[in-house]
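J.: Below, each chain spelled out in residue letters.
Protein chains: 2
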Amino acid sequence: MTAMLANQLTGQMIIAGSPVTGSGAEIRGFDPAAGAALEPVYRHGDSTDVQTAAAAAAAAFPTYRATTSEQRAQFLEAIATRIEAVGETLIARAVAESGLPQARITGEVGRTTGQLRLFAGVLREGSWNGARIDTALPDRAPLPRPDIRQRNIALGPVAVFSASNFPLAFSVAGGDTASALAAGCPVIVKAHDAHPGTSEIVARAITAAVADSGLPAGTFSLLYGTGEQLGIQLVTDPRIKAVGFTGSRTGGTALVAAAAARPEPIPVYAEMSSINPVFLLDGALQSRGPELGKAFIGSLTMGSGQFCTNPGLIIAVDGPGLDAFVDAAREAVSAAPAAPMLTPHIARNYANGVESLSGAAELVARGERSSSETCGQAALFSTDADRFLASQDLQAEVFGSSSLIVRCADADQMAAVAQGLEGQLTATVHAEDTDLEAAGRLLPLLELKAGRILFNGWPTGVEVCHAMVHGGPFPATSDSRTTSVGARAIERFLRPVAYQGVPKALLPNAIADGNPDGLWRRVDGQLTQS
Amino acid sequence: MTAMLANQLTGQMIIAGSPVTGSGAEIRGFDPAAGAALEPVYRHGDSTDVQTAAAAAAAAFPTYRATTSEQRAQFLEAIATRIEAVGETLIARAVAESGLPQARITGEVGRTTGQLRLFAGVLREGSWNGARIDTALPDRAPLPRPDIRQRNIALGPVAVFSASNFPLAFSVAGGDTASALAAGCPVIVKAHDAHPGTSEIVARAITAAVADSGLPAGTFSLLYGTGEQLGIQLVTDPRIKAVGFTGSRTGGTALVAAAAARPEPIPVYAEMSSINPVFLLDGALQSRGPELGKAFIGSLTMGSGQFCTNPGLIIAVDGPGLDAFVDAAREAVSAAPAAPMLTPHIARNYANGVESLSGAAELVARGERSSSETCGQAALFSTDADRFLASQDLQAEVFGSSSLIVRCADADQMAAVAQGLEGQLTATVHAEDTDLEAAGRLLPLLELKAGRILFNGWPTGVEVCHAMVHGGPFPATSDSRTTSVGARAIERFLRPVAYQGVPKALLPNAIADGNPDGLWRRVDGQLTQS
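Here the protein sequences line up with chains A and B, keeping their order. Going by my numbering, the first sequence opens with residue 371, and the numbers climb by one from there. Going by my numbering, the second sequence opens with residue 371, and the numbers climb by one from there.
Only true hints are included.
Label pairs and their computed distance ranges (CB to CB): (1) A:G888 to B:A781: 30 to 40 Å; (2) A:S657 to B:D509: 19 to 29 Å; (3) B:L507 to A:G888: 21 to 31 Å; (4) A:T418 to B:R757: 30 to 40 Å; (5) A:T433 to B:S761: 23 to 33 Å; (6) A:S900 to B:G480: 31 to 41 Å; (7) B:A705 to A:S900: 48 to 58 Å; (8) B:D416 to A:S657: 50 to 60 Å.
Here are some, though not all, of the chain A residues that point toward chain B, as calculated from beta-carbon distances under 10 Å: (9) R515; (10) P516; (11) Y869; (12) D894.
In case anyone wonders, no lab produced these hints; they're calculated from the structure. No residue lacks a Cβ here, since even glycine has one placed at the ideal position from N, Cα and C.
Taking the hints into account, I'd like the entire structure generated from these sequences.
T.: Structure (structure tokens):
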């Protein structure tokens, strides 16, 4: 299968519909399960490639943003269909490049096409337009009120940085790309070196959909390169108007700084770092401590712990309930098999992170060892709240199956730990009915710390829906006012424009008289569909 | 009247309800019409004052954000009532400190109280909550969908920087304060040195309303100080979570940089610099060139040209129509009386800006001279499109009654000028029915440059309503995705939080079962009020 795929893959970038061979460093996909490099060779692009892609995106923008919601909805659906058409090939390559199980990758393909179709639905529903009409009041004293209308328009070409850990759903046709394309923004993706072949397959699917849909070729480009070099060139190109990123805190903050230092600063939506605290309340520990301990390790070790929402922190009040939880967790983690991580680099970083924690906290247990350097060995640590509150280092994200249990003296100390946390993507509470009062005191603290609060579940698994928030205060993201998953992600790539006294013949449909598109609109302050 | 006022004013800051005498530089209000300093003396605060105010705001935040929409609506109305109760005193002091006409200041009081009441209405209408509910799908395969809900919450304490040119509507109780308080954020205002007495009167009105409403005293504070010192301390205080600013490009970009360099970066909404291009199309010039020329100068010289939306640039195709426009404008500007500017500093900057333009463009006419150094003398310049496109300097904002006419060879060159513009608050088109096609070609270009596009009017005068956008691409603002005027300004101080599987007893009303507050909510993707 791999041999056949190598024949199909060209190892080229795709810039505005055309294959382009890079002139920079050679890279290859790497199969962490087999410990072997994959064909073909890919090469990084250079500043010329960035400029070509950015110029094409800027040229495509006026045409692309002027497409109707229906046209863009059909385009997103065409991408989904094109991805499904190469599903078997795509899944095989993504499994090989990521070392992730086939079932997981198969699910991720479904998630990716589901996201594209969700945004098709968002486009057809039409509220994304943000249509508002304040009707003229010609007789108002002392001054008449003019006719003023408002709608959202696309920001411009968007640079998307693929994540390592979701080779499909947060990658070439992932949530950032889908939401930016939905908004009417051309997209330039910087592929992640961890899955170049997967990236090429998906980029070809998008490119085919661009052509099928009669859209300008510059609507989409795929580049290979490092974040430090090609990535910064992309973010600082004056034609790029917004950035989507999922990755490390170091990488995200570097892009944020580069974007802020531009002559014209632009927004960067960087999803970066989160340790996803889980609070275990007394009633929950008493009634199901051992079950929670086992389920916790299931969530922790899933996908070798390589989730942004991995539960990296457990907080509970000391006592027999917590002891029972820890006993079960110790047993489960000790039996957790070593599993391949996405790349040798990520595996090394994980080992270093665990090493650091070993010096700062008490080891509870390690998972099974492996002779492979690319495999991650699960790790569970414990500390007390005083030491946790005294050391910012204990809040550093260790990307992989490592977690830290913080033992608190009482509920007040648990609240102090909650208040001492950095910003998070998620905060979880396990609570029984008897814990409701305690949970009610905790909830307002957690609202200020996290983008999503969940009860009696585990944070891994982010539902793609209308109410999802995959975001949160810094350093979870660089912009807590948004979400990178779910319907509201489209809002990141829009801005409002007001139209005052604009001739009826020139008004876009969204804010035209008679509501030709049947949108929900705010007319004189009231929502109406008429 | 001024003597009586001096007796009432204390010259103190108000920090969390308590008067505090500053320890820094002495300042006084200055009456530019009389050329005389006003009593009493005010003194700048220091870092201790910043810390006291920030600590009080942070302490007030949990209580204040937990108030209901109705409670905050009544609080905003109480501020408006308190301001009206001191209306006569306030108007007299604001006229004295600004040199602006009484009718203008009286109107601005109405605008300020109107803004407060608009946000009371926004709160009661309730869509600001952004309520979304995705119902659980327990039988979904392969995995059930949990119950997920979303609402917006307040960001935290907000620092507001008053503008010089609207001593009421963009000052202590102005749009930034009103929208931040509406969102549930405590506010710390840095007063503008140009109107310290006006600031004290309004701050006392807000402080009284805080007490009347039973809110924590830290909900509001007023500080005096420079932007460079106290302002930066405020923006870099870790308890401040967002910033509203109206002022110069230099001041705004300094605050943006300071906020970006924080360990936890925060959003800054800086409204800064705009020259508000006005495009005169052929039909409009032919049918009403002279009237347009006269009306243009009326808009240009209103309030000594001290509006963010002052028409600083006229763009038209050369010909007899433009000549007639220029003739009328020349006549009108020549007859424009010199008028006091807000401060001697602003008058000096204006004179310097006009001096710079004199070297780079051709003088059409100056307004009447004045012996007073605080008076601004109107100025009208002209250049051709080639020179305009070649010099970024000609796009620099000259704050005051100065404008530049750009003569284009044809419609294509006019489009090139539009494309060469920096970001703007507004773009205006004057067009007749015969110009519709030309206007239709221009409109998409202007959408990418400005927050508001208006036809057959003048950009001065910003309606406070639901559809207004007072914003636009950099450098008009630091964040084009928002507006600082109108109902949507509240969105700047909110962020979404998702609630997954949260026990019904703990859900906030906005996303509770049964919709107790009767809100418009998005349930499974569809808007509904049931």
